[in-house]
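Just add 1 to the spot in the sequence shown (first one is 1) and you have our numbering.
Rather than coming from a laboratory, the hints here were simulated on the basis of the structure. Even glycine gets a Cβ: it sits at the ideal position worked out from N, Cα and C. Incorrect hints may appear among the rest.
[Unchecked claim] In silico lysine-lysine, DSSO-like type, Cα no more than 27 Å apart, as pairs:
| id | residue 1 | residue 2 |
| --- | --- | --- |
| 1 | Lys45 | Lys67 |
| 2 | Lys134 | Lys145 |
| 3 | Lys209 | Lys5 |
| 4 | Lys124 | Lys110 |
| 5 | Lys110 | Lys8 |
| 6 | Lys67 | Lys8 |
| 7 | Lys8 | Lys120 |
| 8 | Lys76 | Lys66 |
| 9 | Lys76 | Lys145 |
| 10 | Lys112 | Lys134 |
| 11 | Lys76 | Lys110 |
| 12 | Lys8 | Lys134 |
| 13 | Lys134 | Lys36 |
| 14 | Lys120 | Lys133 |
| 15 | Lys134 | Lys110 |
| 16 | Lys66 | Lys117 |
| 17 | Lys76 | Lys42 |
| 18 | Lys66 | Lys120 |
| 19 | Lys72 | Lys134 |
| 20 | Lys66 | Lys110 |
| 21 | Lys124 | Lys112 |
| 22 | Lys134 | Lys67 |
| 23 | Lys209 | Lys72 |
| 24 | Lys8 | Lys112 |
| 25 | Lys76 | Lys117 |
| 26 | Lys133 | Lys42 |
| 27 | Lys42 | Lys112 |
[Stated by the list, open to error] Computed beta-carbon distance windows for the label pairs:
| id | residue 1 | residue 2 | range |
| --- | --- | --- | --- |
| 28 | Asn214 | Lys72 | 44 to 54 Å |
| 29 | Asn214 | Glu70 | 42 to 52 Å |
| 30 | Glu19 | Pro150 | 36 to 46 Å |
| 31 | Val206 | Pro29 | 23 to 33 Å |
| 32 | Asn59 | Pro29 | 35 to 45 Å |
| 33 | Glu159 | Asp78 | 12 to 22 Å |
| 34 | Pro38 | Phe18 | 29 to 39 Å |
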Amino acid sequence: MKIKIDKILCFSCGEIFENNNSSVFVCPFCDFEIKRPLYFKIYKNSHDSIYFGYIYRNAYENAYKKHNEIKVRFKLDEPSEALIFIGISILSGIIGNRSDALVMRVINKIKSYYIKFGKQIPKQAETIDEIKKLQLFIREFENKFGNLPDNVRTAIFEEMIGDEMDKNLKTDSQYGNMLNDRKKFRKELFAARKRLQKRQALNNVDMKDFWSNID
2 MKIKIDKILC FSCGEIFENN NSSVFVCPFC DFEIKRPLYF KIYKNSHDSI YFGYIYRNAY
62 ENAYKKHNEI KVRFKLDEPS EALIFIGISI LSGIIGNRSD ALVMRVINKI KSYYIKFGKQ
122 IPKQAETIDE IKKLQLFIRE FENKFGNLPD NVRTAIFEEM IGDEMDKNLK TDSQYGNMLN
182 DRKKFRKELF AARKRLQKRQ ALNNVDMKDF WSNID
């Protein structure tokens with residue numbers, strides 16, 4: 002699924018503002034600037050770590066615990082904007098080496114923004130215990146799910162491939178044609194796997210100026 006970004010989280014002061022679709026996002030609160038491609042890279046990494054590393058992992062782990070095998074495939078809702086922003090703050094601790102105390106200040110600021118506007122707080126971040134679980138799952142996603150059962154890991158990876166294939170198809174008819182053409186399907190499957198292998202991982206440099214203006 003293609004990711005749509007409505008609002009921008011400032012990676013310096015933690016304020017949230019409207020996406021003006023410019024090539025450089027400038028925070029109206031602290032003048033922090035970030036180029037659009039880097040912002041999207043960070044946002045996409047957070048989206049994937051939550052969607053596949055937490056939401057789908059929960060579903061498939063629970064299914065495995067219940068049946069001792071994976072009998073079903075799920076179609077789960079995308080993570081909310083608020084949860085993706087919280088994921089970014091967690092990644093800044095895991096990859097950017099920001100302290101747990103600073104990460105929690107950012108998370109609380111994000112939660113306060115959505116509470117102010119009457120929006121629901123993601124259940125995955127309602128309590129300290131839930132946030133710790135989210136941190137653990139994101140960390141393990143970044144480490145390629147080393148401790149997960151093979152069939153759970155495989156199910157999640159298949160969801161990632163399916164999502165990657167879906168993003169590359171513009172219409173339902175294209176999707177239908179692909180499913181009915183084995184050669185076309187295998188070609189798109191191979192291409193999706195290659196794109197996943199080239200996934201742009203975050204590094205410490207990407208997050209070097211994070212939260213320098215948090216109040």
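Non-conforming hints, listed in increasing numerical order: Going through the list in order, the structure violates hints 1, 6, 11, 13, 16, 18, 20, 23, 25 and 34 and respects the others.
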